[in-house]
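Q: Line order of the protein sequences matches chains A and B.
Heads up: the first sequence is residues 153 to 320, going by this note's numbering.
Heads up: the second sequence is residues 153 to 320, going by this note's numbering.
Mixed in with the good hints there might be a few duds.
Note that identical chains are pooled: a pair holds if it fits in a single copy or bridges any two copies.
[What the hints assert, rightly or not] Cut-off 27 Å, straight-line C-alpha distance, at most; resulting in silico cross-link-like pairs (DSSO-like, lysine-lysine):
no., residue 1, residue 2
1, 239, 305
2, 254, 232
3, 298, 224
4, 253, 280
5, 243, 224
6, 239, 290
7, 305, 224
8, 280, 239
FYI, nobody ran anything at the bench for these hints, they're computed from the structure.
2 protein chains.
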Amino acid sequence: MTLDEAKQHLIQAWGTLGSSWGVSRTMAQVHALLLVSPVSMTTEDIMEALQISRGNVNMNVRDLMDWGIVRKVLKPGERKEFFEAEKDVWKIGMQIAKERKKRELEPILRALDQISIIEADITDPDVKQFAETIESLKKFASNTDKTLESIIKADESLFWGSFFKLFK
Amino acid sequence: MTLDEAKQHLIQAWGTLGSSWGVSRTMAQVHALLLVSPVSMTTEDIMEALQISRGNVNMNVRDLMDWGIVRKVLKPGERKEFFEAEKDVWKIGMQIAKERKKRELEPILRALDQISIIEADITDPDVKQFAETIESLKKFASNTDKTLESIIKADESLFWGSFFKLFK
DNA sequence: AAATATTTTCAAGAAATTTTGAAAGTTTAA
DNA sequence: TTAAACTTTCAAAATTTCTTGAAAATATTT
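Take the sequences, apply the hints, and build the full model.
A: Shown next as structure tokens:
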């Protein structure tokens, strides 16, 4: 396997796996492409490499920047914008955990809080059971939320610590 | 808010959130419906409650059973099959963690292992960088895998612990 | 300010996913 | 064994999501 074949392999695999992660195939491919590129790339480089349209590249690169795992690089003397991926795998993982917490866990907590059955008859066993289900969902979600929060916080303060070095 | 309104609320919210979790809206709704139902339900009950077709119910209930969070219940004297959701939120969480590990993490590990650049010139700095990226992805993925594995194992041994106590 | 380069938007088309419903397949009861 | 009850399948339709490409917007240079 040559270097280019290996890269192609990773990009394809990443794309396929992306869908099972709830990320669009193209977004995962753009990410993989930037991840294995030793230099930053322009929109046109990406269009060319993945054979996709300008609008598509623009949209996916922007999403990846929203996730905080790709950044814009401005080169002095160049008008075009260049993009590069975060290369530190631990940081990528942390960033994804942080965003998923925000995008998935927090909405669940908000939705659960909106459900109130104050009006209902609390002597009804069905009401009681429902209330208990909601209560345990809340506890589970907020527990997960707090656990993630503390991992993220710990990571942010132990930036140079030994935990981090395990993944280098 | 009445009990039914509250249930409806949860079902809708679960459905919306399902998509951000990479689960289809309907599957999430069927799950929520069974989760808040105090009794097990037939295919027809679910069709009626969510206003969806028979084939759709059949498919989603089967998927939920594959995830191990819904089970079939046979009632003596009844020809129809009834379905009920696992009610223990911790068990649901564990089951989902277990399945996601199998469906998402393990394919990543397999894909990474297939990438070999043995042929390539290892003095090329680009090859070296690529190899390092693959290596750290592998380490990260297998670390996450092992961590999940140990949580699952710990949970299962708790289960077997209390299971055997029943026969003391 | 005008010309040029580059990025962003977005309506329409393409592709992927989900849903339907009726037919085929199974199981159970008589 | 046959008929009725029920479940599963799957091709076609509906819906949702993704992609394109050209026009609009923005930024830079002359």
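Q: Taking the hints in turn, state whether each one holds.
A: Hint check results:
Taking identical chains as interchangeable, the C-alpha atoms of residue 239 and residue 305 lie at most 27 Å apart only when both belong to the same chain, with a minimum of 21 Å there against 32 Å between chains. For the homomeric pair residue 254 and residue 232, neither the shortest alpha-carbon distance inside one copy (32 Å) nor that between copies (42 Å) is at most 27 Å. Taking the shortest Cα distances, residue 298 and residue 224 never come within 27 Å of each other, neither inside one copy (32 Å) nor across copies (34 Å). Neither within a single protomer nor between protomers do residue 253 and residue 280 lie at most 27 Å apart by alpha-carbon distance, with minima of 29 Å and 34 Å respectively.
For the identical chains of this complex, residue 243 and residue 224 are intra-copy neighbours only, at 17 Å inside a copy versus 43 Å across copies, given an alpha-carbon limit of 27 Å. Taking the closest pair of Cα atoms, residue 239 and residue 290 come within 27 Å of each other only across two copies (14 Å); inside a single copy the shortest separation is 36 Å, beyond that limit. With identical chains, the CA atoms of residue 305 and residue 224 are at most 27 Å apart within one copy only, with a shortest distance of 26 Å there and 43 Å across copies. Taking CA atoms no more than 27 Å apart as the test, residue 280 paired with residue 239 passes between copies only; the shortest distance there is 14 Å, against 50 Å inside one copy.
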